[in-house]
Amino acid sequence: MALITFKINGKQYEADGRYSPEVSLNDYIRTEVSLNGTKAMCHEGGCGACIVSVQASLPPSNEVKTFAVNSCLVSILSCHGWEITTVEGIGNKIIGYHEIQSRLAKFNGTQCGYCTPGWVMNFYSLYMSKNGNLTAEEIENSFSGNICRCTGYRAIADAFKSFASNSGQSVNKKLKDIEDLAIFNTCGVKCKENCHHKKINHNANDNFKDNEWCILNKDDNETRVLKSQRYMWSKVYSLKQAFKAMKQCDNYKLIAGNTGQGVYHVKSYPDNVIDIFNIAELKGHTQDVNLILGAGTTLTDMVEIFLRLSAENEDFAYLKEFYDHVDLVAHIPVKNIGTIGGNLYLKYLNNEFQSDLFVLFETVGAMVTIAASVNDNKIMTLLDFLNYDMRQKIILNIVLPPLPSYCSVKTYKIMPRSQNSHAAVNAGFFFKFQKNSRILDNITMVFGGISSQFTHAIQTETILKEKDPFTDEVLQRALKTLYDEMIVEAAPTEPSQTYRKLLAVSLFYKSILHLCPDDKLNPRNKSGAEIIKRVISQGTQMYETDKTVWPLNQPIPKLEALLQCSGEAVFANDLTKQNDEVYGAFVTADVSPGSIIKKCDAIDALKEPGVIAFYSAKDIPGENTFTPEQIPLTADREEILCSKTVKFNGQPVGIIVANNQKLANRVAKLVKVEYESINTNKPLLTISDVLKSSEREKRVKTFKIIESTETGKDVKCIIYGEINMGSQYHYYMETQTCVTVPNEDGMDVYAGTQWLDATNIAVANCLNIPVNRVNVIVRRVGGGYGGKITRSLHVACAAAIVSHLLNKTCRFVLSLQDNMKIIGKRAPTYCNFEVGVNKQGEIQYLKNKYYQDLGCAENEVVAGITLGHIGSCYTTKRWTIEAYTVHTDTPSTTWCRAPGSMEGIVMTEYIMEKIAYTLKKDPIEVRLINMKKDDNPLPDLINQLKTDADFHSRELIVQQFNKENRWRKRGLKLMPMTYELFYIGPYNALVSIYHADGTVSVTHGAVEMGQGVNTKVAQVCAHVLGIGLDKITIKPTNSFTSPNCMATGASVGSECVSYAAMKACEILLERLKPFRDELDEPEWKDLIRKAHYSGVDLQASYMYSTNEPVKPYDIYGVVALEVEIDCLTGNHEVKRVDLLEDTGRSLSPEIDVAQIEGAFVMGLGYWTSEKLIYDKNTGELLTTRTWNYKPPGIKDIPADFRIYFRRNSSNTCGVLQSKATGEPALCLAAVITHAFREAISSARLEAGYPEQWVDIEYPCTIENLYMAVGHKLEHFKLK
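If you use my numbering, the sequence shown corresponds to residues 1 to 1279, in order.
Please keep in mind that the hints were generated in silico from the structure rather than gathered at the bench.
There may be inaccurate statements among the hints.
Below, a list of computed lysine-lysine pairs in the DSS-like style, where the Cα atoms sit at most 30 Å apart [to be verified]:
no., residue 1, residue 2
1, Lys1085, Lys190
2, Lys933, Lys946
3, Lys933, Lys701
4, Lys1279, Lys465
5, Lys393, Lys247
6, Lys130, Lys598
7, Lys533, Lys130
8, Lys839, Lys849
Between the sequences and the hints, there should be enough to build the whole structure, so can you do that?
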């Protein structure tokens, strides 16, 4: 039997028929080779965690190329002849670290570290493929496929741009400052005096790579066939071989890059899979009169052809437009192996697919060649291709025509974020003018994203022929015709039909503006011609540091950053593979809430080879809940497995166990859930649904009512309003994960949790065993943001049940889809208010009634936190606040970064803005007149930020810009904040000193999840003990050394364990004092040795509790944000952010900068692109993939991002004068909504609408921004 042969990090491996097509390269790397540095999250090429580097010889030239791929998309059987390099392969603690790894670490470009290997390998591949010749623009544009929820991207961008030929003065200065610190030793065990790992262009694989190996021998071009009981895999190298393989079977699938499953998941492969990636006849291009592109040409090669030919051949100058458009398609690792033919065939199979290539090619009248055999080809239009019988046929090539100079092409793609998103609408316009004339001889108008049946605007094309499109009369007729002829299909997860229809019309208008001669166009309308394009980003971080207390307050990267950059940092699912381990997956009740379960039938699932067991609620040894009463902060007992009444669509009802994760996930769908009854009533999914329903009294509960203590008597204006804030998915890169291992006295639980104590209790409770039989171990968590406080207990209990019943190691890792539909999210909030003010805007009374969504259970109620923050920096004695909680038919909502606090601050700031707008007052003055007068530094901080941000002069520039531009509008707004920080506990720290060399190890009760708690604790210990930071190491957290500790959250975990560590160190110093006095200024090592041999206990612990002298305190912040909107699409760019935060005397400035940036960008995502959509009839969550849920990417952050720490700040209430930074900045992100409103208001005034307050529906997506403008066709004019 043939073998698939490849190398991973220089070592040769072979795959045979034992491996099915669904075994990905990622699966193989992690489970067969046990290289766990390469991660996975979405398994659809949308997050970048899985990226590895490949070196291979590729047809038609067999040139050896280096390129990045998403290892989760590539079948292991597609890797023949490849040399694969993982993050461990370019550098590690043995061979030393690659400069790319160390540079990212030094720039503090990691937080939780889960996504980091993917970033490293994407850049490594790019750097090697370009021989290090990169510009900053190229670098920043190359990471659209990498998501990071933690960092806010700025530090990552700076780190990689430091390799650029035009890196810039600020980045170069930062690089020099970092190198001067010399924090990291990047050498490995094998490094010698001439350590080549320090060289920037070092390729670590040179140690073991034979560059000729991957060039296939000339006689190695025969079909390679791998057979198993279920599948036959054929790797072919010629069309002849491909047709032969196709003729041997009817049920087959052709694959090249297999990237299409990032759009449409392959639920099961057919019996025969034919790999056509290496067919030379399908690669490359030829040129006679036309340009002929092989259908197997990758998108990466295609765009290179476009760029070169557009510069060389005037007849193909339009390919530069295609090049720019395809830059917005997918991302580099997908483009590296995704092919032209694959993209078009995806469109063929799914006509609703918004294929950008189809739109581009159809716009210029391209033809497609279909081969029925080696010598039987047929050329046809793309529209004919969509209806052609493709059985036993292959797409051979695409034929692109030359276009004369009197033809013009303009294309557009409008997306929910800057990169790596499918189009809401895409469009292409081809204009053929009569020679030396403005009269159209012909026009082609092609649209995607409208409907599966609508491609050409035929009626509009017809009326424009023989017309001059650059007159308002002709334009208006064309716009109305286009609007009337489009019938837009509803698509549940896509923008509305109304928006897509108007947007398509707007795009045609934009194309006319683009081509319109200046003498026919009002200059103010010209700004509507182009799409917003991001300039290269830059960032500034301004803070003070006191060298007298270093390493405390020293700006250093995270201690574990290098390990994260090399993939050596261990997460829960990185536990070494165990013999006979099993994998669990939930079976879910995908039915309307309120339905009653009868039983589960797992017979079909259990028939599948590799499936081991099925468990339901009746199999649970102990109590069927993951929120038992012994856990604080919870009131309702949420079931591990639903036993009767379904609370929400997607609730787990069973556990299927198999010998691999993909099999478990797949066969979970085969389990039949039978119901006694299915609820036919519409579920109540929102607060609004409940308030309008007959169940209002049952589902709404009064949390607390706070009455005003006085009322002003100078009411001159009464203002009403309401605010509706939606939910947000945490988007931690490590989905809910737990590995449970039975041991001799109970169970080891390797959990991805923020709360060890609750995990301990919940697991013991569901197994009906003592708590001391469960040992919970957490080294680090791949992002949490509150989503792994109690929600992680669900998966931990499920895994523990499997291990308990089978006595085997169980891995339980939720797929992204299951994670999103099962796990609770941010609590939605709705409020309505009435406020009476005097002429100056001073509040005389305020009545604010707000409701917060609990989901299906009364756990993790945030209404009290909202009450604590709703006052922010303002005087509240005239405020009456009513707080209510609401039950809906959704998963129980949970803590999500700045839970409750963000909502409270947002409501109040909205009210301040509306007061100012109504009274036509300066919003800052309105805020100041309502602010607390005593002990409030915010007025000074506002003035400081105004100066630093050059606020007043920029306000004038924005006003002038808006006067000069009809279709681009800007807004510049400032917003203050007071964030009330409260302490929770207990937390412990255990400090041990080793007598042999005086080194110190620390373990503590908090969980490292990217916030830098380990680094801060080490800095505190080094400071208190008076030793170097290099002498301290932090050990994993576990429930044996840190029992009974509170969840790590509320921004205070770092402070509390730092306090405990400080106290433990002080205990040790007290024990060491007699020997220090006796020895007279001894060296640390001598002091420790003397104390040890004198019988001193060199280990000390301390438990921080809320009884400690540290007190709650306020965190002050001010932000100014400038945004620009393209009114004709709804796209926007955050042009600049100036954010000033009071950090006290930061324990670790670089870490706190990163926390602020990350929190703010997460907030921007909440307000702009992150939208959860449910099926209103069934309650099913529809946005469960990277395809349709969009957190910000690297080009969505502020183009100019400036962070300032409050000068000369300290904190007498906190720990070592510091203040928390993890959450407050997220609250400040709401400023973007005010800036949007200012920009939209300007556009509406110009459109002739009366001057009135504009409510933009949240989140401020491209649709909601566009629709808020209030477009009418008659607004679209030239003059």
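Status of the hints after comparison with the structure:
Distance hint between Lys1085 and Lys190 is fulfilled; the C-alpha atoms sit about 28 Å from each other, no more than 30 Å. Pair hint Lys933 plus Lys946 holds up; C-alpha atoms about 20 Å apart against a cutoff of 30 Å. Restraint check for Lys933 and Lys701: not satisfied, since their Cα atoms lie roughly 35 Å apart, outside the 30 Å limit. Between Lys1279 and Lys465 the alpha-carbon distance is near 22 Å, which keeps this suggested pair within the 30 Å criterion.
Distance check on the hinted pair: Lys393 and Lys247 sit about 10 Å apart at the alpha-carbon level, within 30 Å; holds. About 61 Å separates the Cα atoms of Lys130 and Lys598, which puts this hinted pair outside 30 Å; it is violated. Taking the CA atoms of Lys533 and Lys130, the gap is near 24 Å; set against the 30 Å cutoff, the hint holds. A distance of roughly 24 Å separates the Cα atoms of Lys839 and Lys849; the hinted pair therefore holds under the 30 Å criterion.
Of the numbered hints given earlier, the model fails hints 3, 6; all others are met.
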